[in-house]
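Since the structure of chain S is provided, determine the placement of chain F on it from the hints.
The listed protein sequences derive, respectively, from chains S and F.
Going by the working numbering, the first sequence opens with residue 110, and the numbers climb by one from there.
Going by the working numbering, the second sequence opens with residue 110, and the numbers climb by one from there.
Check the hints yourself; a few may be wrong.
It does not matter which identical chain is used: a pair holds within one copy or between any two.
To be verified - Under the rule of at most 25 Å between Cα atoms (straight-line distance), these lysine-lysine pairs were calculated in the PhoX-like manner:
id	residue 1	residue 2
1	K266	K297
2	K295	K266
3	K295	K270
4	K173	K195
5	K137	K285
6	K285	K297
7	K256	K266
In short, the hints are calculated from the structure, not lab data.
2 protein chains.
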Amino acid sequence: MERRGTLLVLSGPSGSGKGTILKEYTDKHGEVYVSVSATTRDPREGERYGVSYYYMTDEEFKAKIEEGGFLEYAYFCDHYYGTPRKQVEERLAEGVDVVLEIDVQGAFSVRENCPEAVLVFTAPPSYEVLKERLINRGTESRDVIKKRLAMAVEEMKEAHKYDYIIINDEIEAAAKQLESVFAAEKCKADNNEDFINEFLEGVHDNDVIS
Amino acid sequence: MERRGTLLVLSGPSGSGKGTILKEYTDKHGEVYVSVSATTRDPREGERYGVSYYYMTDEEFKAKIEEGGFLEYAYFCDHYYGTPRKQVEERLAEGVDVVLEIDVQGAFSVRENCPEAVLVFTAPPSYEVLKERLINRGTESRDVIKKRLAMAVEEMKEAHKYDYIIINDEIEAAAKQLESVFAAEKCKADNNEDFINEFLEGVHDNDVIS
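Isolated chain S (complex conformation) (with noise of 0.2 Å):
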């Protein structure tokens, strides 16, 4: 029985650790798929091709959203950014589970896409912790740190829409969320019928038992 991958989309605001959450998953589970995205912008340094991003013309960007090439994509600062289809509909065909790391918009535009996609929405555990940590990074000012916040707080209008939301408190046991979500998930009954079919085609009569 071959079973199709999970499609799971991860989303949360900056400060929530979504990724590093992400990373922890994946370091023990590194049968799993994080899709790469396309991008019109140019690489910076450090960056690579096909890890970092697919970098792409506008033309080669259009030409692909015109054949439904991606699973969602959004344009803003003046570039591109979206998940190509192909890569990851090979994956889940191939039983891969496949993660995409994207914002509120494009997991809506996902579960549109692919209603089976499980939304997982990754979030800090107050807006005091979530304001201490942007404001501890020490990287950003304090115009940035306020953006980033106003924009959490609408991101977290949102997470009643997900379908599951994990409270990151403390990372390792975050990760063991994410890790929770998939396991269940494949527990799902809609996700068995395949199963309960062949249990049921293989019954026979009961009189060969002797």
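Coordinates of chain F only, in the frame set by chain S:
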């Protein structure tokens, strides 16, 4: 933030290993409350009041039905069996997780009475394996085994109505799946509305950042 416990219903055919999975789980999670059923049948040797069952007279049982004192109940082989509502409700309110090990019909009754209940079905990996397990027990007659197999098939036909299916190939893996279901359920967005509201209530003027 006081959270309600999770109400989890566990059903599955004889030979699916339901009881063994639950024991493996409760050995590790002593905090979970496994509901004790009430019955009007007589105690058997070695059974204890409040551990094996709560023993009741027919009159007591019927009075309790009248007052809505059961989450589910059934009558078979001349006796009543039921899940007392009070103990379950109290534990859930205290934030304790509760497991009901009951049959398929009971599971659907509980779902009607408590729509938040999580229904988990334990399944043998195949009909062949189930047959082997029942035969290898060596304790039952051929007729009893045939009856159990026929009943298992009927129960498997209802499995798709459950929320989750745990395929019991290997006991430790199956118990771990039960653990994942509990953990994932606690992450469900629907079960975290209070958290989101508290987060948003904690938002205040960003000007305090200095």
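Hints broken by the structure, by number, lowest first? none
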